[in-house]
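Visitor: Sequences are here, hints too, so could you generate the full structure?
As they're listed, the protein sequences go chains A and B. Residue numbers for the first sequence follow this note's numbering, beginning at 1347 and rising by one. Residue numbers for the second sequence follow this note's numbering, beginning at 1347 and rising by one.
Honestly, the hints are just simulated from the structure, not real lab data. Source: prediction; values computed, not measured. One or more hints might be untrue.
For chains that are exact copies, the list does not tell them apart, and a pair is met inside one copy or across any two.
Restricting the straight-line Cα-Cα distance to at most 27 Å, the calculated cross-link-like pairs of lysine-lysine (BS3-like) are [as the list claims (entries may be wrong)]:
#, residue 1, residue 2
1, Lys1373, Lys1423
2, Lys1423, Lys1390
3, Lys1380, Lys1455
4, Lys1605, Lys1570
5, Lys1373, Lys1455
6, Lys1455, Lys1423
7, Lys1380, Lys1416
8, Lys1390, Lys1416
9, Lys1373, Lys1605
10, Lys1390, Lys1602
Number of protein chains: 2
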Amino acid sequence: MTTEQLVEQIKLKNSFLCVGLDVDLNKIPPHLLKEEDPIFAFNKAIIDATHDLCVAYKPNIAFFEAYGLKGWQALEKTISYINENYPEIFTIADAKRGDIGNTSTMYAKAFFEDLAFDSVTIAPYMGKDSVEPFLAFNDKHTILLALTSNQGAFDFQTKLIEGKELYKHVLETSKTYQNSENLMYVVGATKAEYLAEIRTIVPDSFLLVPGVGAQGGNLQEVCKYGMNDQVGLLINSSRGIIYASQGEDFAEAAAKEAKVLQEQMKALL
Amino acid sequence: MTTEQLVEQIKLKNSFLCVGLDVDLNKIPPHLLKEEDPIFAFNKAIIDATHDLCVAYKPNIAFFEAYGLKGWQALEKTISYINENYPEIFTIADAKRGDIGNTSTMYAKAFFEDLAFDSVTIAPYMGKDSVEPFLAFNDKHTILLALTSNQGAFDFQTKLIEGKELYKHVLETSKTYQNSENLMYVVGATKAEYLAEIRTIVPDSFLLVPGVGAQGGNLQEVCKYGMNDQVGLLINSSRGIIYASQGEDFAEAAAKEAKVLQEQMKALL
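Guide: Spelled out as structure tokens, the structure:
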């Protein structure tokens, strides 16, 4: 999917919501556990109920890998279901991969070709030759970790290098990579005030913002500092939406929560 | 496996060799492609031929994920084969994961419990709460990226923070994490002269050193600067060993290459 198509969908749906699929068998409605593939059954119901309220889904790959072969199978079924039934949806493999050249190419093939995701999240620690293999794919997007929303972000990301925080060096340096127009960035919403400075470095890029809801970010603040003239934001919510209810009504409850966020987004657009 | 058991194996085998399993279907002997599971058939033959010359195997997870479900199945079979037939071998999931708390716990479960690896490689960018969930597992080892052997390492890892390179901050900060005794570190062999400084920060930790062979590192140099009184080194070689021949004799050719490295190691111990 191109960035233009994503922006078009945002305007059409009045939403820049991304729904995170962090599917934990201990948290899904117990009645689903008797299904042959509970993870996929849960995802399918959530997707059917929320697809008109959001523009993106973000399966968290760890939650599938933790269930081994069955988890990987559920991931394949989930991404195929989205691509076949809702091809207008932007898909994000939240994988946070990062390795050298030929290994990065293998990961890129896994997520962009085999699974046919539109994008994948990538860690920047190994630098240029760990990121460029992902950028080489046309109309695919590499979402680089810049400033994350967890406490550990202060261990290294905010440390000063020549008077400037490491995450700003990540933003600046990544702009010099080949095919850098395929970059987006992860920026945690718990630090909305940082968004203004981030926008001076990457005014045009899309930012994937986790941490609204469960992690405590504020939607209005994020939009105030982070929105650009193409919107430029994907706001992720995972647990607040998908675990809104543990009953038979879980999908409707998820849609209701998604609708609340979508209405807020509509007002902010 | 405990660190003591690993050291014991190193002394017993006169080897601190780790064989990297980066299995690419385009590079394995063509006659194996008619097998039902060519990746596993290749790994099994390599493992049977080299297990007495090395102390560790390091499947590169990207190369399995790139083949989807079949790849994941081959990974499960490979790690089970090692654990059942050669339980004295130290196993490394070269996954370079790194995510926040509950997601890290899911990855830790995937690699330590579901697949039963002894260790996993982890990227440090997200800090403390992305690493500690892995450290919480007893007798499992978290191998943190410090200084990698690729060109992109110079993008961020060697940048100065308060007069000291980022990778040194990673080493120092990680020592303050809970259960830090379960840490090992990835240090690229192309920068052997850095090892002396690294040893002043982490004198007792095991270092996983890729880059001897294909990536150009020198074994003697690495030992000179990196060895400690418990050896403290795992030297990885992947392509130089596993792709030594593309013929029917590929496993014997791999053993021959492994033997060359093991003999060099024996002389250095």
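Visitor: Could you run down the list of hints and mark each one as holding or not?
Guide: So, going through the hints one by one against the coordinates:
{"no.": "1", "hint": "Lys1373 - Lys1423", "result": "within (20 Å within a copy, 30 Å between copies)"}
{"no.": "2", "hint": "Lys1423 - Lys1390", "result": "within (9 Å within a copy, 30 Å between copies)"}
{"no.": "3", "hint": "Lys1380 - Lys1455", "result": "between (34 Å within a copy, 23 Å between copies)"}
{"no.": "4", "hint": "Lys1605 - Lys1570", "result": "within (21 Å within a copy, 63 Å between copies)"}
{"no.": "5", "hint": "Lys1373 - Lys1455", "result": "between (31 Å within a copy, 17 Å between copies)"}
{"no.": "6", "hint": "Lys1455 - Lys1423", "result": "both (17 Å within a copy, 22 Å between copies)"}
{"no.": "7", "hint": "Lys1380 - Lys1416", "result": "both (15 Å within a copy, 26 Å between copies)"}
{"no.": "8", "hint": "Lys1390 - Lys1416", "result": "both (16 Å within a copy, 23 Å between copies)"}
{"no.": "9", "hint": "Lys1373 - Lys1605", "result": "within (22 Å within a copy, 51 Å between copies)"}
{"no.": "10", "hint": "Lys1390 - Lys1602", "result": "within (16 Å within a copy, 52 Å between copies)"}
In this structure, every one of the numbered hints holds.
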